[in-house]
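For this one, chain Z is given, so just place chain E on it according to the hints.
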Amino acid sequence: MHELGIVYEVIKIVDEFVIANDLTKVDKIILEIGQLSQTIPHFVEACYPAAVSDTPYQETKLEIIVLPARGECQLCHEIFNVVDHRKICPNCQGEDFSLISGREFNIKEVVAY
Amino acid sequence: MEIYKVLEIKKSVYENNDREADLLRQELKKEQTFLLNLMSSPGSGKTTTLLRTIEALKDELRIAILEADIDSDVDAHAVAKTGTRVIQLHTGGMCHLDAGMTRQGLEGIGTDQTDLVVLENVGNLVCPAEFDTGASKNAMILSVPEGDDKPLKYPLMFSLVDVLLINKIDVKEHFDFDLAVLRERVKKLNPNLVVIPISAKTGEGIGEWADWLRGAVKSWNQPE
Numbered sequence: 001m002h003e004l005g006i007v008y009e010v011i012k013i014v015d016e017f018v019i020a021n022d023l024t025k026v027d028k029i030i031l032e033i034g035q036l037s038q039t040i041p042h043f044v045e046a047c048y049p050a051a052v053s054d055t056p057y058q059e060t061k062l063e064i065i066v067l068p069a070r071g072e073c074q075l076c077h078e079i080f081n082v083v084d085h086r087k088i089c090p091n092c093q094g095e096d097f098s099l100i101s102g103r104e105f106n107i108k109e110v111v112a113y
Numbered sequence: 001m002e003i004y005k006v007l008e009i010k011k012s013v014y015e016n017n018d019r020e021a022d023l024l025r026q027e028l029k030k031e032q033t034f035l036l037n038l039m040s041s042p043g044s045g046k047t048t049t050l051l052r053t054i055e056a057l058k059d060e061l062r063i064a065i066l067e068a069d070i071d072s073d074v075d076a077h078a079v080a081k082t083g084t085r086v087i088q089l090h091t092g093g094m095c096h097l098d099a100g101m102t103r104q105g106l107e108g109i110g111t112d113q114t115d116l117v118v119l120e121n122v123g124n125l126v127c128p129a130e131f132d133t134g135a136s137k138n139a140m141i142l143s144v145p146e147g148d149d150k151p152l153k154y155p156l157m158f159s160l161v162d163v164l165l166i167n168k169i170d171v172k173e174h175f176d177f178d179l180a181v182l183r184e185r186v187k188k189l190n191p192n193l194v195v196i197p198i199s200a201k202t203g204e205g206i207g208e209w210a211d212w213l214r215g216a217v218k219s220w221n222q223p224e
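Quick mapping for you: the protein sequence lines, in order, are chains Z and E.
Residue 4 in this note's numbering is what sits at position 4 of the first sequence, and the numbering runs on without skipping anything.
Residue 107 in this note's numbering is what sits at position 107 of the second sequence, and the numbering runs on without skipping anything.
The hints are all genuine.
Heads up, incomplete: computed chain E residues facing chain Z, CB under 8 Å, no partners named:
1. Glu8
2. Asn16
3. His96
4. Val126
In silico EDC-like pairs for lysine to aspartate or glutamate, Cα to Cα no more than 16 Å straight-line:
5. Z:Lys108 / E:Glu8
6. Z:Lys12 / E:Asp18
7. E:Lys188 / Z:Asp96
8. E:Lys137 / E:Asp18
9. E:Lys137 / E:Asp22
10. E:Lys11 / Z:Glu32
11. Z:Lys25 / Z:Asp15
12. E:Lys150 / E:Glu184
13. E:Lys11 / Z:Asp15
14. Z:Lys108 / E:Glu15
15. Z:Lys108 / Z:Glu32
16. E:Lys153 / E:Glu184
17. E:Lys5 / Z:Glu109
18. Z:Lys61 / Z:Glu32
19. E:Lys11 / Z:Glu16
20. Z:Lys12 / E:Glu15
21. Z:Lys108 / Z:Glu16
22. E:Lys5 / Z:Asp22
23. E:Lys11 / Z:Glu109
24. E:Lys10 / Z:Glu16
25. E:Lys10 / Z:Asp15
26. E:Lys10 / Z:Glu32
27. E:Lys218 / E:Glu31
28. Z:Lys28 / E:Glu8
29. E:Lys150 / E:Asp178
Worth flagging that the hints you see were computed from the coordinates, not collected in a lab.
A virtual CB, placed ideally from N, CA and C, is assigned to each residue, including glycine.
Chain Z with its partners taken away, still in its complex shape (with noise of 0.2 Å):
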């Protein structure tokens, strides 16, 4: 499955980060993940009991943000959801965007001490 990849990824940055901060217990993971990233928010929550299973991270909880996928039109420069318009200027009916955000996939903090 291609999100245990990538969950296993993110305890690997997270510990990196409990080791350089001195953290004794991690209660939470906030992930910020995109609309348009290539990671299903549903199948991160899924298989990550699995990722942190007989790890130091088997308590900690998971939170997940979804970050809107918003384009600016090339024509107009109205910004829009680019997923709820399927890719059309809802303003002008251009059908040429830049995208802004929507495939970030971050870490976004911790709840720790």
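Then chain E, alone, in the frame of chain Z:
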């Protein structure tokens, strides 16, 4: 009572891998070793194409092959028969190779005295696209039976490769595969993409492909 605090990381999940990949690329450039990352779906003829490529270039380039598979070493055996150095990497269930795994493979096979390393990535059009392996160039094989609509379904893969081989072109007449439509579709995603129709079976187009690869290796070894 335990006091939790919120600590901002704000880091892309791909950042570590991207950094490792860049480092690997720089090292390979210094060693004058060209790494080609070859990606495709299962059954597109990757191994057969690879065998043809070895045949076309083995007299002028010192070639080594990294075979990545979730399990098995069927492909490595086929390549080893040609006398080419090959190493099998098992990804252990993972659907892609990252820069760290690629580095391990390169260290295993040894890159000094090697001009061209071809990394046969896991057969899959989604995950390998997201992880930079540190390759000098990225190539993809799309075979005719898969259909000309694949750029619509896997846009990321098509937008980041440097060269696209259309394999099994000899059976095009039997499928609803429109090469012109395909070219149009990939051009929208990646205007600079080089498209080369080939048949690994009959040898059609292999000359053009070998020329492209020869040229890419040559420019890789030019000082910047």
